[in-house]
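Starting from the known structure of chain U, arrange chain R on it as the hints suggest.
Protein chains: 2
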Amino acid sequence: MDIRFSGFGGQGIIKSGMLIGKAASLFDNKFATLTQSFGPEARGGACSAQVVIDHNRVLYPYIIAPEILVSMSQEAYEKFIGDPVKGSIVLTDSDLVKPKKIRDDVQLFSIPATRIAEEMGNRIFANVVMVGFFTAITDVVSLDAMKKALPGSVPERFLSTNIEALEKGFEYGKNLKKQ
Amino acid sequence: MDIRFSGFGGQGIIKSGMLIGKAASLFDNKFATLTQSFGPEARGGACSAQVVIDHNRVLYPYIIAPEILVSMSQEAYEKFIGDPVKGSIVLTDSDLVKPKKIRDDVQLFSIPATRIAEEMGNRIFANVVMVGFFTAITDVVSLDAMKKALPGSVPERFLSTNIEALEKGFEYGKNLKKQ
Numbered sequence: 008m009d010i011r012f013s014g015f016g017g018q019g020i021i022k023s024g025m026l027i028g029k030a031a032s033l034f035d036n037k038f039a040t041l042t043q044s045f046g047p048e049a050r051g052g053a054c055s056a057q058v059v060i061d062h063n064r065v066l067y068p069y070i071i072a073p074e075i076l077v078s079m080s081q082e083a084y085e086k087f088i089g090d091p092v093k094g095s096i097v098l099t100d101s102d103l104v105k106p107k108k109i110r111d112d113v114q115l116f117s118i119p120a121t122r123i124a125e126e127m128g129n130r131i132f133a134n135v136v137m138v139g140f141f142t143a144i145t146d147v148v149s150l151d152a153m154k155k156a157l158p159g160s161v162p163e164r165f166l167s168t169n170i171e172a173l174e175k176g177f178e179y180g181k182n183l184k185k186q
Numbered sequence: 008m009d010i011r012f013s014g015f016g017g018q019g020i021i022k023s024g025m026l027i028g029k030a031a032s033l034f035d036n037k038f039a040t041l042t043q044s045f046g047p048e049a050r051g052g053a054c055s056a057q058v059v060i061d062h063n064r065v066l067y068p069y070i071i072a073p074e075i076l077v078s079m080s081q082e083a084y085e086k087f088i089g090d091p092v093k094g095s096i097v098l099t100d101s102d103l104v105k106p107k108k109i110r111d112d113v114q115l116f117s118i119p120a121t122r123i124a125e126e127m128g129n130r131i132f133a134n135v136v137m138v139g140f141f142t143a144i145t146d147v148v149s150l151d152a153m154k155k156a157l158p159g160s161v162p163e164r165f166l167s168t169n170i171e172a173l174e175k176g177f178e179y180g181k182n183l184k185k186q
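These protein sequences, in sequence, are chains U and R.
Here my numbering is used: the first residue of the first sequence is 8, the next is one more, and so on.
Here my numbering is used: the first residue of the second sequence is 8, the next is one more, and so on.
Here chain U stands alone, though its shape is the one from the complex:
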């Protein structure tokens, strides 16, 4: 499964990819690689993390056409929306991304992740809300594995808030799928 998380610097995009890779490998017994790019992207533009998850050792960790694209900024969305393969899933922050020209061959799911995080007290949790949403919509990793991946990867004092953020995103996704 080829996944690209994208957004702008400071949104915790790399951390999101890392959490998913950690959950899949350590707690769902799969293999994963995470690739991040530095360069002009890291200098303020769209940033992205690429996660490849497989039942076997990942031999080629670089993604040309992701099967799941997550975009948390308009710039990232426009940069990457042309890439996903046919039938892929696209997840966006509904307040931050206006999908102008959505393709017929992708399924779009949106969540106001940043707004939900702000209601929890800090937009810093928006990426974990999105990871919870991702978990509900895609079934790539289990919610249980995602929860186990948080300790050690987020500050200890914010662990319970991160679990709450994860669950809020997950619930939002589950309700959306029921519709």
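Hints are not guaranteed to be accurate.
In silico SDA-like links for lysine to any residue, alpha-carbon gap of 25 Å or less [claimed, not checked]: (1) K86(R) with D61(U); (2) K22(R) with E163(U); (3) K22(R) with G17(U).
Only part of the chain U face toward chain R is listed, based on derived beta-carbon distances under 10 Å [to be verified]: (4) K37; (5) F38; (6) R64; (7) S95.
These aren't lab readings, by the way, just hints derived from the structure by calculation.
Glycine included, C-beta positions come from ideal geometry on N, C-alpha and C.
For chain R alone, kept in the frame of chain U given last:
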């Protein structure tokens, strides 16, 4: 330039790769990618981070044969020592790695990075001592860029100690090269 940092979990191997990629791209105007693997490696065995640095956009971030191998554990050394291309540079922690069967076609440089860090008060700085050593031996990134890469990537209250660790590793490397 293809670089592999390796060691065991908890040594800050991924952070080392990240610091080098950040330094090269943000402060030396190059392009970089960082790839980390999860899976059995992340479950306690040898862990590694792969950094590719180039003057142009990196198209293929996966390393088959690194030109620089850094090993901070015996297990990682033995796992990866067969990989480097002819003429490559191998850096090790001299207290943690005993290079049993060193190839004729690689150049070996060693530093007691962990011991130097312990003398500074905490072995947690060993990876940054090694990054300083790497900077002196390989010339892939400048010392100035490495120093600029630390803020935001290490805890604020340990910034000055990290700079000191970087400089200690760098000095050790410069003195070794003079010999």
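Hints versus structure:
1. With a C-alpha separation of about 22 Å, the suggested pairing of K86(R) with D61(U) holds against the 25 Å cut-off.
2. Distance check on the hinted pair: K22(R) and E163(U) sit about 19 Å apart at the alpha-carbon level, within 25 Å; holds.
3. Restraint check for K22(R) and G17(U): the C-alpha separation of about 17 Å stays at or below 25 Å, so the hint holds.
4. At a threshold of 10 Å, the smallest CB-CB gap from K37(U) to chain R is about 8 Å, leaving the interface hint in force.
5. For F38(U), the suggested interface contact is upheld, since its CB lies about 4 Å from the closest CB of chain R, less than 10 Å.
6. Restraint check, R64(U) versus chain R: the minimum CB separation of about 7 Å is within 10 Å; hint holds.
7. Hint status for S95(U): violated, given a least beta-carbon distance of 22 Å to chain R, over 10 Å.
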